[in-house]
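J.: Chain by chain, the residues run as shown.
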Amino acid sequence: MNRIFPLTLLGLVVIFVAVAGYFLTKPDFNPSSIPSALVSQPVPEFALEPIDGVDTPGLTTADLKGQGLTLVNVFASWCGPCRAEHPILTRMGQDQDLRIVAINYKDQPAAAADWLEELGNPYELIGSDFSGRAGIEWGVTGVPETFIVSNDGIVLHRFPGPVVGDGQRRFQEALDAAKASQ
Amino acid sequence: MKRLALILCLLAAPLFAVEPDEVLDDPVLEERAREISAEVRCVVCQNEPIDSSNAGVARDLRLIIRERLVAGDTNDEVFEYLVARYGDFVLFNPPWRPSTYALWLGPFVILALGFLAVFMALRSKRGQMTPSLTPEEQARLDALRKKDIP
Amino acid sequence: MIPELGQFAIALALIAACVQSVLPIVGAARRNALWMASAQATAVIQAGLLIFAFGALMHAFVVSDFTVRNVVENSHSLKPMLYKVAGTWGSHEGSLLLWVLILALFGAAVAVMATNIPLALKARTLSVQAWISVGFLSFMILTSNPFDRVFPPPLDGQDLNPLLQDFGLAIHPPLLYIGYVGFSIVFSFAVAALIEGRVDPAWARWVRPWTLAAWMALTGGIALGSWWAYYELGWGGWWFWDPVENVSFMPWLAGTALLHSAIVTEKRDTFKAWTILLAILTFSLSLLGTFIVRSGLLTSVHAFAVDPERGVYILALLAVSIIGSLALFAWRAPAMEGGGLFAPISREAGLLINNLLIATACATVLFGTLYPLFLEAITGEKISVGPPFFNASFIPITLPLIIVMGLGPHLSWKRADLPGVLARLKWVGITVLVGTLVVAWIAEGGPLLAVISMGIALWLIGATIQDWARRVKLTQSGAWARIKRQPRAAHGMSMAHLGLAVLMVGAIGASAWKTDTVSFAEPGTTVPIAGFKVTFEGVEQVQGPNYIAQVATLNVTRDGAFVTQLFPERRVYPVAQATTTESDIRQTLAGDLYVSIAEPAAENTEGLWTLRLIHEPLVNFLWLGSVMLVLGGALSLSDRRLRVGAPRRAAPINATPAE
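Chains as they are written, first to last, in my numbering: chain A, 1 to 182; chain B, 1 to 150; chain C, 1 to 659.
Here chain A stands alone, though its shape is the one from the complex (with noise of 0.2 Å):
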């Protein structure tokens, strides 16, 4: 046997350490993330009603288009983490001037309706999912996750979990990012 098999094969090792090594250290690792489809797509076409019992209208593709900058929230009383980011989008939303509507995915409307009123309702329009159709055309994977959507109806950006924490930093980055693209 030749000496050309095994320094290839050492070869092969050191690209895998190197790959291994890089993807481990990455700051934001997380192998079960998957990314959008929808990222620099037009928001697919959908129309929500409103939450029975809430005041706020409801959501459809056309409420994206020529807007401005906005976020497009989807969360659920039933999600612990939405209940976290809550009031840092609250804030967010009145510190920076952001638009934020919602798609209130897969939720009782009463319970929804509650936990507004509880938590406050800092979104312009919500759309409630109650079959989570939406939440598909969305490419939705779990709650939360917040779209940046752009003035032309552009998804620009899909954060998925919620925005808390070292999230909220790298949530902040992808906005900035997105402000500045427009």
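These are calculated hints, taken from the structure and not from any lab test. Keep in mind that the hints are not guaranteed to be accurate.
[Stated by the list, open to error] Coverage of chain C stretches by chain B, computed from C-beta distances (three or more under 8 Å per stretch; other residues unrestricted):
| # | stretch |
| --- | --- |
| 1 | 237–248 |
| 2 | 371–381 |
| 3 | 509–520 |
Note that CB positions come from ideal geometry on N, CA and C, so glycine has one too.
Please build the complex by placing chains B and C on the supplied structure of chain A, with the hints as guidance.
T.: Structure of chains B and C alone, referenced to chain A:
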């Protein structure tokens, strides 16, 4: 190797998941639906097909797959529909295109290289085995043969 | 107090390992017999200390010592004793302790049992083994102390994931680890041989029993894991090509290739470099498995609580050991060839093809498992590589392997008479052809690939039995005496080959001809499947030790005649806040009737249960075949030639310097 600590969604729902109310009346369509959902990766549970996942999203996707089949979609159209929303990640069967050429061809390239190596090894072994007719070698070969043939 | 002693024992074991990693190998270079012999003592001391540490942790679990964090997180006072004990290796820290314990036990076993090995080779081997020990012991002490205390101690523990509270899974990790980690000693032998610069038939023979032992354990461990998934996860699947399964399968494939290649090295003094390389790669793949399972680098259904930082440490260990050993190999191996000559049609050539195909299959699994990672690193794309890829690439490589496998044992060493062999196998071929047609007829056509694969499995069965019958001259008088006289290793080979064929029959049957149904059931509902009629009689609530179960009663009939009653359960574990499905199975060789119940996900279904019935034809051949593989290994291992009177080397090896 592992404690096999299954991730949460499997914990909450350790059952394969197609529900009776999802099953289509048409057995041919149902069969196709099962085939498709066996090849679609659950987006919440990660490494499980939606066919065997009890996660809510998996159930929604199974229902949508069946709706689209009933509406007359081909299998490929159903896959396209899912990919448009969740990306290639959901396909357990990676599509054939430039970034996966290496994947699909890799095993056969490895095999071909292996055969080449074996062929060369065998040729060199046989080359050595052909008596080069020096008396010493001939004697050694004869001795070898005599010893090993029972 | 006991946990602190356990922790202290780990630290002492690290010191012993440090000594062992230097003294013997330097002794071997300087031909200092005392230094070399020190390895025996340190190896035994190290193992003793780790046995103590492991016992201390087990004690904490058995008495439910909730001042130890590990116990709090993985146990509960109400848990059955078996699972309290099994909880010892239920967490990352505990299983790592088991890992290093097995590493040390293999070292100690070589130190004590391998009396016929030259002192220098033994000293070098044990030093290399100690290098691995040092790496993993320091990893444990620095990042994963299993004896961490918690203050104030909670009143009770958080319980072990109930899916894992199962007998099969309780013994699955230890077996798997004996396999995984057992290959370490083969690796150490290989590196020692490279340092020594000498590999010969004697070396191959010394290494063989260790390879066999590790291979058997790994076979058993994988089979148990698969069996567990089959009956516990509730949907009758037994292999998913999940990354974590793949990383246990790859060392198995490489280890299988190694077993065969080592035979050639032993009998014909050739394939030497390749055998050494396989020894290195087999353990490297084990390390890769340990790394992937514990780093969370790849998404898997099964994984430990993942921690990238720990991952980086294991990655460093992996890099040092694999790159170091491969570099050493590249430096030393070219000087190592030569040896027996053989013709293109011969036992050697057959085994060469065998090794080529197994290695390719292994490389394919590795390639498919890691491809998404590399693609993401290069292009940022995220793709999934799942069963369709592995089935499409693995099966075409293994089917020819099985065909050659039937032929191989019939070929004689050096130069075989292929026409003669084929003539001998004529009747086997005809029988197999008829058998395949019968299968096709029973299956009413069925998937073509399944029928062909079944034919190939039948071929392996026929050819293996024919080979065995020919060797023992079964039809002539005195066959029994000849059977007893034959080396057990030869019987072991036949048994293992037969086992693989049987396993294949199970795998094909259970994947190609599986049927299932799902329906809502209320008392009185009858569902037909595969010739059976299953009637749902109702559900009863039963209190278990640490769970509450809903037990359904199902009556099974066939053609109006009563067959059996089945009792699938749904359990709720209040402490772990989890539910599990306990399926019930009517097992016969012809196939399993597999039943489970669940609460419906749909609305308005009060009083209804979701009833799932699965018919898995031939699935028990999978487990039977696995048992035969392990038995074949055991038969081989019990061959007296491996235990006593192994050959001495021609030249006195103690005098061979490293360079």
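J.: Which earlier hints turn out false for this structure, listed by number in ascending order?
T.: none
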